[in-house]
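With the hints as a guide, dock the two chains, each given alone in a separate frame, to form the complex.
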Amino acid sequence: MRKILLLVGLVLALGVTVFGQGYDEMPADALVYPIGVAGTAYENVELGVRGGTLYVPNIEDPRGWNNHTAHETSTTWFTYRMHKGLMALDHITGAIVVDLAKSYEISEDGLVITFHMREGLKWSDGEPLTADDVVFSYVDVVLNEDVDCNSRDSQILPDGTFPVCEKIDDYTVQYTLSTIYRPVLNAIGVNLMPKHKLAQYVHKLNPDVPAGTFNETWTLDMPLEELVGCGPYIVTDYQPNVSVTMERNPYYYAYDPAGTQLPYYDKVVNQIVANQDVSMLKFRNGEVDVYGMRPEDIAILLPEGPAKGFTTMITDKARTGTTWIMPNQDIGLPDDTNAEKRALYRNVEFREAIAHLLDKDTMVQNVLNGLGTAQWTSESIPSPFYAGRDEYGGPITDNNAVVFEYDPALAQSKLDAIGVVDADGDGWRDLPSGEPFSIELNTNDNTLRVAYCLIMQDDFRAAGLNANFQVVDFNTLVGKLFGQTGDFIMLGLTGGDEPNSGKNVYTSCGSLHAYRYSACEEPDEIDQRIDELYDLGANTFDLGAAFDYYVEAQQLLSAQLGYIYLCQPTYLYVYYDYVGNAGLASPTSSPHGDNGLLTELCFDRRLL
Amino acid sequence: MMKRNGLRALGLATCVVVLISAIGFAVELYDVVANESVPEISKAAGINLVSDYLATHTAEELADLAINGATPGIRLAADRALFEANGGLVPYVALDQDTLYAMAAAGDQDAADAWVFNARASYKRPELAEAAIADSKVVTIEVSLGRLLGGLYGPGSPLGMKAKEELLRLVVNGESLGLRVAAATALTTYWISESAFTIPQVERAIRANSGINPELALAHQDVLAYLYGLE
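In order, the protein sequence lines correspond to chains B and R. Here this note's numbering is used: position 564 in the first sequence is 564, and no number is missing along the way. Here this note's numbering is used: position 30 in the second sequence is 30, and no number is missing along the way.
Here chain R stands alone, though its shape is the one from the complex (with noise of 0.2 Å):
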C-alpha cells in the first residue's frame, strides 16, 4: 500500500512539475509577446498565443487586439485566433475567385492565400508558379504564390526541389518578393527537418538579419516559432 501511495506521489509531483514549466514557458511567450522588440521574435512568440488567445478572448477582443495590440505578436497572435474562430481558410475557399482577388488586392493576406489555394492545380510546376509571380501585380498573391513556391523549391518535392545554398541566396537576393518569399519557405522547411538550430541561434540569426533581409528573417521566425513550440 506504502508502495501504490509513493507511486501516486510520484506520478502526482510529476504533473505538478509538467504543469508548472508549461505555464512558466506560456508565461515566457507572454513576456516575449509583449516585450521583445524584434518584430520577427515577437511574431513568433505570438504563433504560438493563438490557441491561448482563442481560449481567453471574446471574439470582439481579439478583433480589437488584431488591429490595436501593442506589438506585432500579439496583433498576429489575435488576427490567426480570430481567423480560427471564423473558420480558418473553409469560409475563404468558397467565395469567387474574384471576389477573393478584389480583396486581395485590397491587403487581405487570407483571401490571397485562398485564391492561391483555389488555384493552386495551375501551378503544379516551378516554372507556372514561377511565371504567376513575375506576373502578379498584387502584393499579397505574390506572396502566397511564393509561399506555393517554396512548396517545390523544398526538400522532398518531386519537382524543383533547390539546394539550400541556392535557397540562401535567393531569400537575399532574388529578384521579386514571390522568389524571396519562396526561398524562406523553402529553407524553413530544411532547417526544421533537419533540426539544424536552437532557440538562441535562431534568435541571433534574427536580430541580425531583421530589417536588413527581410525574408531571410521571415525563414527564421518560422522555425523560431517552431522550436518555441517544442519547449
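Pulled out of the complex, with its shape left as it was, chain B reads as follows (with noise of 0.2 Å):
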C-alpha cells in the first residue's frame, strides 16, 4: 500500500513538473474577471480559449529576472508578468483593485489595513502561497536596505517613516501606517516573490550569504526551470539577442466567467529586435501579431490592413503627460523689474485672453498630424482621477470639462477690457500704462514643441500681440523655469493615473510650482483650496471622495491657468486580427510599461 502511494506521489510530482497541468479544480478565491458580463469594465471583452502562441516584438534583451532589482521596463515586462502582487491597478480602467489579496479593509482611524488573502493559492512549482511570502517580499526585500530595490522610495510616508508590515495568519497581513496616506494603498501591494526559493540569499535571513546577494540572484545566467513565479506566465527559454518564451503558470489563480483558467495563451514568445523599425517590418511580415505603432507608420500599415488581416488602431485616447504654455506669473521677482509685465501675467482675464488664442485643433491637425487630443486639465487623461469622468476609473466623458475655445475676437476684447491695447499706433498692444509690451516665447529644440510655438506665435501676433519665439536649449530652458526668469515658456510633464505624483507641480510650495513660485509665501484662497485639495485626496482611502477633492483641484487649476494646457498624442496600435482582445489595448492599460496589450486576456480567435 506504501508503495503504490510513493508511486501515486510520483506520478503527481511529475503530473506538476512535467505535464504543468495545475489546479484541480478552481480554487475557490480565484480571481474571475468579469469578461462578458454587462454593466461592468469587462463587457466588451470576449471570453476565449486556451492554446496557442502569441508572438510580440521586443527592443532589448532583459537584464534579469529579479522583480524587485529590474530597473527597466526591458526586465519589468517580463517579471511583472510572472510576478503580481496584493493590489493592481484594473487592466481597463486604470482604478486600483485587489488582485491576490480578495479584499482590505482599513482601520476607523486610516492607520491600518488589513489584506485578505484569496487562499488555497500556488506558486507555479505547487508551493503554497501565503502571507510568508507577503511579510518577505515586503519587509525583508523591499525595505531591505541590503536590497537594490526600486521600489522602496514609493513605500515612504510624508513624514519619512515606512508601513509596518506583519502577519496576522497564514492568509492576513496587516499595515501599520504613521500617518494616513491614499497613495501608498497601492505601492504596498508590491508584487510577491517566492520566500522558499530566495529567503536562502537574503543576507539577513541567511547570514551565511554575503551582503548584497539578493541583487545577484534570477540572473539571466540561472537555470530557468529554478524560476517560481505567482503571475500568468513563467520564463521557460532565453536565446540572448533573439528570443524570450514565457509558458503558462500551471497554478495562475485567475480565471474567466466560464470557468477557463487564464492566460489565454499557452506561450508569448517576445522576438527581441534592433529597433522599432524591424518590429514594424516583423509585424508587415506576420512574424509578430501586435506592435505598438507611431505615427509615420500610418501610411504604410492602413492600406495592408484590410488584405493582411490586421487592425490599425487609431484611437481617441490620449497618452499619458501633458503639454503645456506658462506665463511666468513671477517675471522679473528675482530682480525686481518688470512689475506691470507681473502684474498682467498675474491677471487671470489677461491668461483666459491667452487660452482663448490657442489653436488646439490646428495643433492637434498640423502638429500631430491628426492623430491627438485637446487637453484642459493637469491629470494625464489616462488616469482614473482625470476630471473628464464622472467618477472613479469611469468612462470618460468631459461633462466636467473647464474649456476655453479657440475664440480670438473674444481673446482680442478681453485684451481691450484690461487696457492691453495699441496705444501709439504700431500695430501691437501695449501695457496698460502705455509701455511696449512683448512677449518672448522659448521652448528647446523638439521638433513637435517648435511646431506648436510658431502656430502661438502667429495667432498672438495676429491678435495684436508682439510675441518672439526663440528656441533655447534645454537647460537653459529649464534655468529659465526653476530662475523665474522665463516669460512665456512651453514645455511638457510626464504623468500617470496618481494625482498625488503631480502635488510637487500643484501646490503653492512644490518644486515644480514654475509658473508662479512666489504663491509658496503669497498663497492666494484659490491656492490654498488647491493645497488642501491635494492634501484630503492624499489622506482618505475613499476612492469616490479622492477623486471628488482632486476633480475640484482640476477645475479650480484650469480656470486659474497657471499651466495653459495644449494636446496630447493619441495611443496607436496595430494587432492581427486573429488575436482576440487585442483590440482592447490601451494608455491605461499600461501600469507597468508593457505597451498596454492585456497578454492575459488575449487569445488565438483561429483556435474558437
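Because the hints were derived from the structure by calculation, they are not lab data. For each residue, glycine too, the CB sits at the ideal point set by N, CA and C. A portion of the hints provided could be inaccurate.
Said to hold, decoys possible - Now the stretches of chain B that chain R is said to cover, found in silico as 3 or more residues with beta-carbon under 8 Å:
(1) 267–281
(2) 286–300
(3) 307–320
To be verified - With a Cα cut of at most 20 Å, we get these calculated SDA-like pairs of lysine to any residue:
(4) B:Lys282 <-> R:Ala121
(5) B:Lys308 <-> R:Ser193
(6) B:Lys282 <-> B:Val269
(7) B:Lys282 <-> R:Ala94
(8) B:Lys308 <-> R:Val50
(9) B:Lys480 <-> B:Ser518
(10) B:Lys308 <-> R:Glu194
(11) B:Lys308 <-> R:Leu95
(12) B:Lys308 <-> R:Phe197
(13) B:Lys282 <-> R:Glu194
(14) B:Lys317 <-> B:Ala374
(15) B:Lys308 <-> R:Ser51
(16) B:Lys480 <-> B:Leu333
Here it is, written out as C-alpha cells:
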C-alpha cells in the first residue's frame, strides 16, 4: 500500500512538473474577471479559448529575472508577468483593485490596512502562496536596505517612515501606517516573490551569504527551471538577442466567468529586435502579432491591413503626460523688474485671453497629423482621477471640462477690457500704462514643441500681441523655468495615474510650481484651496471622495490657467485580427510599461 | 463506439475534401499564372503562389525564374519568394540612404521601398508626400512614395482621406505616376475593406483596363490577389 502511495505521489509530482497541470478545480478564492458581463468594464472583452502562441516584439534583451532589482522595462515586461501583488491597477479602467488580496479593510483611524489574501493559491512550482511570502517580499526584500530595490522610495510616508507589515495568520497581513496616506495603498501591494526559493539569498535571513547576494540572484545565467512566480506566465527559454519564451503558470489564479483558467495563450514569445523599424517590418511580415505603432507607420500600415487581416487602431485615447504653455507670473520678481508685466500675467483675465488664442484643433491637425487630442486639465487623460470622468475610473465624458475655446475675437475683447491695447498706433498692443509690451516665447529644440510655438506665435501676433518665438537649449529653458527668469515657456510633463505624484507641480510650495513660485509665500485663497484638496485627496482611502477632491483641484487649476494645456498625442496600436481582445490595448491598460496589451486576456481566434 | 468511429470518418472525410479543394485551387492558380495573358491577372495569381514557390524551389531556381519565368505572374512569384528568402525588407533598411537611392535609380523597387520606409517620418502629411512625388526623379521612388501617399488617401486615414469618386478620377487622370499609384493604393484599400467585388467582376475590370489605365488595373490586381487568397 505504501509503495502504491509513493507511486501515486511520484506520478502526481511528475504531472505537475512535466505536464504543468495545475489546480484540480478552480480555487474557491480564484480571481474571476467579469469578461463579457454587461454593466462592467469588461463588458466588451471576449471570452477566449486556451492554446496557441502569441508573438510580440521587444527592442531590448532583459537584464535579469529579479522583479525587485529590475530597473528597466525590458526586464519588467517579463517580471511583471511572472509576479503579482496584493493590489493592482485594473486592466481596463486603471483603477486600483484587489489582486492577490481578495479584500482589504482600513481601520477607522485610517492607520491600519488589513489584507485578506486569496486562500489555497500556489506558486508555479506548486508550493503554497501565503502571508509569509507577503512579509518576505515587503519587509525582507523591498524595505531591506541591503536590496537594490526600485520601489522602496514609493513606500515612504509623508513623515519619512515606512508602513509596518506583519503577518496575522497564513492568509492575513496587516500594514500599520504612522499617518493616513492613500497613495501608499497601491505601493504596498508590491509584487510577491517566493520566500521558499529566495530567502536563502537574503543576508538578514541567512547570514551565511554576504550582504547584497539577493541583488545577484535570478540573473540571466540562472537555470530557468528554478524560476518560480505567481503571475500568468513564467519564463522558460531565453536566447540572447533572439527571443524570450514565457509559458503559462499552471497555478495562475485568474479565471474567466466560464471557468477557464487564464491566461488563454499557452505561450508568449518575445522576439528581440534591433529597433522599432524592425519590429514594424516583422509585423508586416506576420512574424509578430502586435506592434505599438508610431505616427510615421500609419501611411504604410493602413492600406495593408484589410488585405493582410490586421487592424490599425487609431484611437482617440490620449497618452499620459501633459503639454502646456506658461506665462511666468513671477517675471522680474528676482531682480525687481517688470512689475507691470508681472501684474498683467497675474491677471487671470489676461491668461484667459491667451487661452482663447490657443488653436488646439490646428495643433492636432498640423503638428500631430490628426493623431492627438486637446487637453484641458492637469491630470493625464488615462488616469482614473482625470476630471473628464464622472466617477473614479469611469468612462470619459468630459462633462466636467473647463474649456477655453479657440476664439480670437473673444481674446481680443478680453485684452481690450484689461487695457492691453495699441496705445501708440504701432500695430502692437501695449501694457495698460502705454509702455510697449512684447512676449518672448521659448521652448527647446523639439520638433513638436517648436511647431506648437510657431502656431501660437502666429495667433498671438494676429491678435496684436508682439510675440517672438525663440528656441533655447533644454538646460537654458529649465534654468529659466526654475529661476523665474522666463517669460512665456512651452514645455511638457510626464504623467501617471496618481494625482498625488503631481503635488510638487500644483501645490503652492511645489518644486515645479514654476508658473508662480511666489505662491509658496503668498498663497491666495485658490492656492490654499488647491493645497488643501491635494492633502484631502491623499489623506482618504475613499477613492470616490479622493476623486471628488481631485476633480475640484483640476477645475480650479484649469480655470486659473497657471499651466495652460495644449494637446497630447493619441495612442496607436496595430494587431492581427486573429488575436482576440488585442483591440482592448490602451494606455490605461499599461500600468507596468507593457505597451498596453492585455496579454493574459488575449487569445487566438483561430482556435475557436 | 460506432458513433465515435462514424464521427472520426466524417472528420477525416471533411479534412480530405478541404485538402482536395485547397490543392484544387492551388492547381487553378498555377494554371492562371502560367496561361493567363493579362499580366495583372497573372500577377494576382502569382502573389498567392509566393509561399508555394518558397517551399518548392531553391534560391538558384527562384533567381532564374524571377528573370526568365514565362509569365509576369511566375516572375513575380519567384521574385517575391526570393525577396522573402533573403529576409524581406530588413536587410535593405539597414543600408544607408545614398546606397538605397542609387539602387533604386538602377531600377530596384525594393531598394526604393526601403528608401521611402527609412524616410517616412518626413512624409506624415499628404502635401509633403505629394511634393516629394512632384520632385522625384526616380521612377521606383515615385512608385514607393505613391504607395505611401495611398495610405494617407485611403479609408481610416486621420489626414488626407479622399472619397472613392475623387480617387477614381485621380487613378486615371493623375498628373504623375506617383499620384496615380497613390489613388490605386487607396482604392484597393476601400474595395477590400468593403468586400466590393467578386472575382469575375474584378477579372472583367482588369481586362477592360489592362494596358489602357494601368494604375486602375493595378488597383484591381491587388483586390484580385486578395480574393484569390480567400479561396
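**Asked** So which hints don't hold here, by number, going up?
**Response** Numbers 11 and 13 - these are the hints that the structure violates, sorted from lowest upward.
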